[in-house]
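Based on the hints, put chain P in the right spot on chain B.
Heads up: the protein sequence lines correspond to chains B and P, in order.
Residue 31 in the numbering used here is what sits at position 31 of the first sequence, and the numbering runs on without skipping anything.
Residue 371 in the numbering used here is what sits at position 371 of the second sequence, and the numbering runs on without skipping anything.
No false leads were mixed into what you were given.
What follows is a list of derived Cβ distance ranges for each label pair:
no., chain 1, residue 1, chain 2, residue 2, range
1, B, P117, P, V524, 52 to 62 Å
2, B, R84, P, D526, 20 to 30 Å
3, P, D300, B, A51, 50 to 60 Å
Rough simulated footprint, nothing fancy, chain P against chain B, three-plus residues with beta-carbon under 8 Å:
no., stretch
4, 21 to 32
5, 57 to 71
A few chain P residues facing chain B, derived, Cβ under 10 Å:
no., residue
6, D8
7, D9
8, Q10
9, D57
10, R73
11, R80
Source of the hints: derived by calculation from the structure; they are not laboratory data.
Here a beta-carbon is modelled for each residue, glycine too, at the ideal position from N, C-alpha and C.
Take a look at the letters that make up each chain.
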Amino acid sequence: MARPEASSLDPVPPLRALSERLQHDLSRYLAFQSRCVESHAPPELLREVLADDLLRTRRGPDGELDAAQIWAPLRDALAPLRARGGLGEAERALSDLQAAMAVIEGLVTALRAGTLPDEELPEAHRCAIRASDAARVASRALRNLPEAARG
Amino acid sequence: MADILIIDDQDRLMDLLARFVPEHRYLGPARSYAEAVEILEGSRRSLDLVLLDVHFDRPADELLGVEPSMSDREVEGLRRRQGLLILRQLRRRVKDLPVILTTARDEISIEDLAEAEGADETTYFLEDDHIDVRSLKAQIARILDARQGHVFEGPIYWGRHLSMQRLRQRLSILARGRLPIMLLGPTGTGKSMLARHFVHPRTGRSGRFVSVDLSTVPRDLAAAHLFGAVRGAYTGAVGDRMGAFESANGGTLFLDEIGNLPSDGQKLLLSVLQEGTITRIGDLKERPVDVKLVVATCEDLPAKVAQGEFRADLYMRLNPAAAVRLPPLSERGLDLGALLRHSLGQALKGAGLTELVREVRAMSRLGEGSVKIHSGGGVPDPERGTLWLLWPERTMRLLRGHAWPGNLREFAMVTENAALVALAEAASVEGGQRADVVQVRPKLVQELLHVARPPTTRSGKVVPVTLSPAESLNQVSQDCERQYFRRLWFENEGDFSAMAALLLGDPDAGRKVQLRFNQLGLKVRDLKAELA
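Looking at chain B on its own, in the form it has when it is part of the complex:
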């Protein structure tokens, strides 16, 4: 596996940085190409764009990261914040994101193993867009957290 980019592996970042990572690393690239095609596009094209979006979610001079690899440190960094409670609307957004990313993690495994059948590609395509949207909503919810909830 390629080496992840240095700044993506920062130790637990502050809230604002977390919000920006959700937007920049996850939301933006999770459906980067998927948004350019329809769910009823030919299976070969859907498979290619999903592979780019979910297996090579970030790809640069330092290597590649799949969606699950990007999500894992973010999820871990969010855990103490969520455990403390009092996040209100943001908790709902993070919970939705976690559910969406659980589906994405399954898709990453299936795509990598080549076990995702053609007939499931349209739904996978919709899932990628849903997860990208969920990451965006969560990013905004974190940014808009009232001061008291920031800890």
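Relative to chain B, chain P alone:
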């Protein structure tokens, strides 16, 4: 095929373009400004466009603007806006090369930040929150067209500022619905044109567009004007008359200055919105009407409702929740070049300017051809038969620094007057080195703007400050100064040129104001954070 340079820390944009927009040649991706320069210098063909990301996750030693004393947090901040620093350097090196900033938009207005970093008319922004390949393709095509001299700018509402793009998106949706549309905004921002040329064609209705300016209709006649009247309904009603609602049946009715509608008219309008029928004044017969209603006002309608001057039930029926606010011209700095071309394009069709252009052509022995407007840096190369109307950067800075209380109407008059005087001077004096270029000098525009300045500005601007005791008079005075600098910064959306125009009467003195701003301990970064 165009040559497009990608500057991005990731490969994803390059991959996407190669797959979905394969008709162009892509160079890069350059991961930093240094790599971009290498590609620019090494390319044998001249580049047509740059696609530039904003957020660069790169090691500190590859970033622009890093200083040894910076904390990790500050360096991370530089990563987040690295593209803007690259833009500033690029603008110094290649002034007219179009650049699209490809970052996703969010709460912080990337346009405003970019403008502070040297964005100009050749800086563009993605037209969607996410990269939509169809709109990106169309955007690239339009930019390349513009670069080849084909004008693509639409009418006044076709601005690049995010507020204008959101406005168009929203109106496109609202136009298709059955509910009324309420347009808000200061006078002269183009509400009427927007209703006629943008909303009406998108309603999908085959009927006419009818416009009524309620500020010009006598109050006694407003109801008859809108709903029609039968013979004898009022003194002077010598025959049956159809009202604006019936004329617009199946189409769009635009009611400008809706706040001027008298109370009887308000009651009738409410009834039309509830029942979908009108009754001509003096008649008993109800007539069904189906119109898309668009209303506009520059007044504070909720205040009028609170004062009992406007019916609350009618106000609620006018769909205020979905009201669309047009930004004042002072918020559309990035669009001024396009607006200038549009506005002067219209003015040049008029008899006065056409005649002057003919005289200048005759004097310059240019023969037949077109008039083109060039704004910003540099002087355009000669083109056979083309007369250039040149608006140098210093002139444009004056336009950008002006507050434009009369908005587009004032802008159109000032720019047409400037063009008129510049052409008249050129027609009366033998040309200089370039007979095909008529320059609109900054001094001329400065004079016109000075005349156009409203009396309130001339007599001084009132800025409230709160006095608090301090240890010394100096501290008190600095605190006052901080307060009004802060307030002016917000009022002028961070435009130091505009602040300089207000404080020193010289929009070119923006740096002086910025220096004082810093001396007072005010930080643009903090104010932007507040703004966001």
